[in-house]
Each structure stands twice: as structure tokens, then as C-alpha cells.
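Chemist: Sequence:
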Amino acid sequence: MKALAPSNNPRTDRIIILGSTGSVGVNTIEVVEHLNQIGPRRFEIIGLAAGTRLDALAAQAETLGVRHVASPDADAKAHLGDRVEHVHVGDDAAVEMLHQIARPGDLVIGAIVGAAGIKPSIAALELGCDLALANKESLVAAGPLALEAAERSGAKIIPVDSEHSAVFQCLHAGRSDREVAKVVLTASGGPFRTWSRDRMRSANVSEALNHPTWSMGSKVTIDSASLMNKGLELIEAHWLFGLGSDRLDAVFHPQSIVHSFVEFTDHAVIAQLSPPDMKLPIQYAISWPDRLAGSASRTDFSSLSDLHFESIDKERFPAIEMALEVIDRPSGAGAIFNAANEVAVARFLEERIPFGAIIDTVKATLERLDPGEITSLEDVLEIDRETRRVAAEILEVSANG
Numbered sequence: 000m001k002a003l004a005p006s007n008n009p010r011t012d013r014i015i016i017l018g019s020t021g022s023v024g025v026n027t028i029e030v031v032e033h034l035n036q037i038g039p040r041r042f043e044i045i046g047l048a049a050g051t052r053l054d055a056l057a058a059q060a061e062t063l064g065v066r067h068v069a070s071p072d073a074d075a076k077a078h079l080g081d082r083v084e085h086v087h088v089g090d091d092a093a094v095e096m097l098h099q100i101a102r103p104g105d106l107v108i109g110a111i112v113g114a115a116g117i118k119p120s121i122a123a124l125e126l127g128c129d130l131a132l133a134n135k136e137s138l139v140a141a142g143p144l145a146l147e148a149a150e151r152s153g154a155k156i157i158p159v160d161s162e163h164s165a166v167f168q169c170l171h172a173g174r175s176d177r178e179v180a181k182v183v184l185t186a187s188g189g190p191f192r193t194w195s196r197d198r199m200r201s202a203n204v205s206e207a208l209n210h211p212t213w214s215m216g217s218k219v220t221i222d223s224a225s226l227m228n229k230g231l232e233l234i235e236a237h238w239l240f241g242l243g244s245d246r247l248d249a250v251f252h253p254q255s256i257v258h259s260f261v262e263f264t265d266h267a268v269i270a271q272l273s274p275p276d277m278k279l280p281i282q283y284a285i286s287w288p289d290r291l292a293g294s295a296s297r298t299d300f301s302s303l304s305d306l307h308f309e310s311i312d313k314e315r316f317p318a319i320e321m322a323l324e325v326i327d328r329p330s331g332a333g334a335i336f337n338a339a340n341e342v343a344v345a346r347f348l349e350e351r352i353p354f355g356a357i358i359d360t361v362k363a364t365l366e367r368l369d370p371g372e373i374t375s376l377e378d379v380l381e382i383d384r385e386t387r388r389v390a391a392e393i394l395e396v397s398a399n400g
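Numbered per numbering that gives the first Met the number 0, the sequence shown spans residues 0 to 400.
Just so you know, these hints were derived from the structure itself, not from any lab.
Glycine included, every Cβ here is placed at the ideal spot set by N, Cα and C.
One or more hints might be untrue.
[As the list claims (entries may be wrong)] The following label-pair restraints were derived from C-beta to C-beta distances: (1) S301 x A77: 26 to 32 Å; (2) R351 x L272: 36 to 42 Å; (3) A292 x S175: 30 to 36 Å; (4) H85 x T264: 50 to 56 Å; (5) D289 x H98: 27 to 33 Å; (6) F308 x T62: 40 to 46 Å.
Sequences are here, hints too, so could you generate the full structure?
Modeler: Shown next as C-alpha cells:
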């Protein structure tokens with residue numbers, strides 16, 4: 000919790016969005032526009048980074064008057080050069096842009112999906128920028144590095160995921176992490192909450208993408224269906240809040256109204272409730288430590304009479320236990336957990352493997368590789384490369400077996 004303590008110094012209101020054309024990025028722009036309309040604080044978006052949606056990136060930059068954009072797409076310079084003043088191109092384009100325009104106290108929205116978001120997140124913290132973090136991988140795969148960078152620079156890590164934002168808000172009711180007995184994250188259960196194990200293992204892509212509550216990108220939606228998303232969030236919570244696996248858990252809550260619980264040592268439980276709208280945690284991260292008038296829907300208390308919670312069947316959804324075991328292993332295990340999942344999800348979305356092979360691949364890769372402790376970004380990248388090689392090999396053997 001130390002890295003999340005409020006700062007006594009007001010934050011400058013310059014914002015850089017990494018992952019601007021994705022769901023979090025688009026919602027962030029809408030939140031900023033809303034906050035600028037209501038005042039009194041003003042927010043200026045000064046940089047945008049995106050992947051291959053170059054037309055959308057250019058349109059955002061033109062609408063917002065942004066002079067710096069970044070993309071790994073080799074065609075970005077030719078595609079955007081006439082529309083945006085400074086175009087940073089290449090695998091490290093976002094990092095290059097940060098080094099050119101970021102100042103200590105700026106707010107960076109870390110919303111690049113997957114391992115590609117790790118280096119920019121670390122760079123933002125090293126530069127003294129507060130990091131509104133939606134990229135789970137930055138902590139799952141590189142937790143020690145992110146916390147060390149934040150401590151050295153004085154930057155703050157503010158969670159954007161609805162569950163971690165909820166925990167962050169609930170923790171203000173206690174004085175130290177010693178007063179926290181358990182943090183419980185809620186999970187909607189995705190499309191397969193009531194499915195049998197056998198039926199779920201043979202699910203197709205369209206079924207897995209049919210999320211009942213949230214509108215998200217395809218990779219995150221698949222992770223939600225397998226509950227790998229919740230596993231990643233448990234590991235993220237371990238690093239964010241300094242809690243061991245014995246003080247972390249998850250439960251099903253299909254309505255997605257209660258986003259997390261914090262149980263304290265006196266057995267009091269505090270929860271954060273709101274409609275399932277990403278704009279609320281995004282706005283909280285942007286305006287923190289202030290609370291400003293929101294654009295998200297208000298809670299209809301008459302609808303809260305039938306909130307439902309249930310335990311997660313660990314046999315149907317083994318990702319939860321796997322994640323808790325990862326927390327107890329050396330820190331490199333998180334990078335293995337994440338990279339193996341990314342490889343398997345990509346294959347599933349290409350309809351090359353069945354849904355059940357995602358968890359099988361992660362489990363087999365964790366068993367094959369021996370993780371060490373993360374001491375540098377090079378460690379993370381090396382583990383990521385080796386994990387992807389091994390996971391691909393496991394999938395090939397399975398396909399030919």
C-alpha cells in the first residue's frame with residue numbers, strides 16, 4: 000500500500016494515454032472531455048500511443064490537438080506524418096515519446112494490452128509520472144521493478160481496473176495493511192459461469208466472446224471467460240497492496256455491482272459498489288485524490304435487493320488456484336503465467352486450439368519452467384521470450400499428439 004499513499008503535492012493535469020484507441024483509452028478521452036466541461040480542474044492530453052488502428056489514432060490526435068503520437072506500426076510515419084506533428088514509430092515508440100514529452104507529475108494512462116505495455120509503464124514511473132494502470136502485465140510480470148521505479152521517483156501507481164480501484168478506495172478505511180484480513184475480488188463469471196467443465200472446454204470463440212456484463216477487447220474477454228483475468232488481477236493485487244496469497248480471494252458476482260470487498264481484522268467488511276461502467280474507475284484515477292462530479296450512471300438502490308454471490312468452483316476454473324500458487328513462487332513466475340496465457344489465447348482466437356487448451360498450456364508451461372527472481376527488465380523480457388517458445392512448443396506437441 001505504500002506506493003499508493005496520497006501525495007501532498009498537487010498533480011499537474013497533463014495526461015498521456017498509452018493505448019488510446021482501445022476501450023480504456025476511448026473511455027479516458029470521454030472522461031477528460033466531461034471533466035473539462037464541468038471544471039474547475041482542467042486536463043490536457045499531450046500524447047497518445049496506439050497499435051495498428053492508425054486512422055483512429057490520427058482522428059483522436061486531430062480532435063484533441065495532440066502533437067505527439069506513438070505506434071509500433073512501421074507504416075505509422077507514412078500514414079500519420081501529414082496529420083500529426085511528431086510521430087514516434089517502432090517497438091519502443093511509446094517509451095521514446097515518454098522520454099521526449101513527459102514531466103514528473105504528469106499522469107500516464109497505462110492501457111496498452113499485454114506484455115507490450117510493460118516497458119512503457121516502467122518508463123513512465125522512472126520519469127516520475129503518476130501511472131493510472133490498466134495494464135495488468137506491468138505488475139504481474141514486472142511487479143518488483145514497477146514498485147522500485149515508483150519508490151525511486153516518488154511516482155504513484157493508481158489502479159484503473161474496477162476491482163483494484165474498489166480495493167484502493169476501501170483500504171482508506173484502515174490505517175495500515177496490518178489491519179487487512181482479506182481482499183476479495185469479484186468476478187462476473189463471464190459467459191461460462193454456469194457451464195459444465197466438459198462443455199466449457201470445447202467452447203468456440205464466439206461463445207467465449209459473449210460476455211454478459213462488460214464490453215472489452217477480445218483478449219481480455221477471453222481471459223474473463225477462462226478466469227485467467229481474475230488470476231492476473233489477484234497477482235496484480237498482491238503487488239499493488241502488498242498482500243500474500245493467504246489474504247487474497249475471489250468470488251462470483253454476476254451483476255458486477257460490487258467490485259471488491261476488504262475484510263479487516265475486526266471482521267468488518269467494506270465494499271465498493273457502482274454500476275459496471277469503466278468511466279467511474281478511470282475518472283477516479285484521473286481526478287484522485289479529488290472526487291469530481293461523474294458522468295457514469297448512478298446506482299439504482301431499488302435494484303440491489305437481489306445481489307448474488309457464489310464460491311468459484313476451482314476445478315472448473317483452475318486459474319484462481321494457479322494464480323495464488325504463482326504469488327508464492329519466485330517473482331518470475333508471474334511473467335511465465337502471463338506470457339503462456341497470451342500465446343494460448345492468440346491461438347484460440349485464431350481457432351487453432353480448443354478453449355480448454357488455454358489453461359492446459361499455462362499449467363504445463365509453469366510446470367516446465369523454473370522461475371527466478373526478477374531483478375531487471377532484461378530478466379522479464381528473457382522470461383517472456385523463453386515462455387513463449389515453450390508454450391508454442393507445448394501447443395505444437397499437443398496438436399500433433
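Chemist: Evaluate each hint against the coordinates.
Modeler: Hints and how they fare:
1. S301 x A77: 26 to 32 Å: For A77 against S301, whose Cβ atoms are near 55 Å apart, the range 26 to 32 Å is violated.
2. R351 x L272: 36 to 42 Å: Roughly 40 Å apart at Cβ, these two residues keep to the hinted range, so it holds.
3. A292 x S175: 30 to 36 Å: holds (32 Å)
4. H85 x T264: 50 to 56 Å: Since H85 and T264 have Cβ atoms about 52 Å apart, the given range 50 to 56 Å holds.
5. D289 x H98: 27 to 33 Å: holds (29 Å)
6. F308 x T62: 40 to 46 Å: holds (42 Å)
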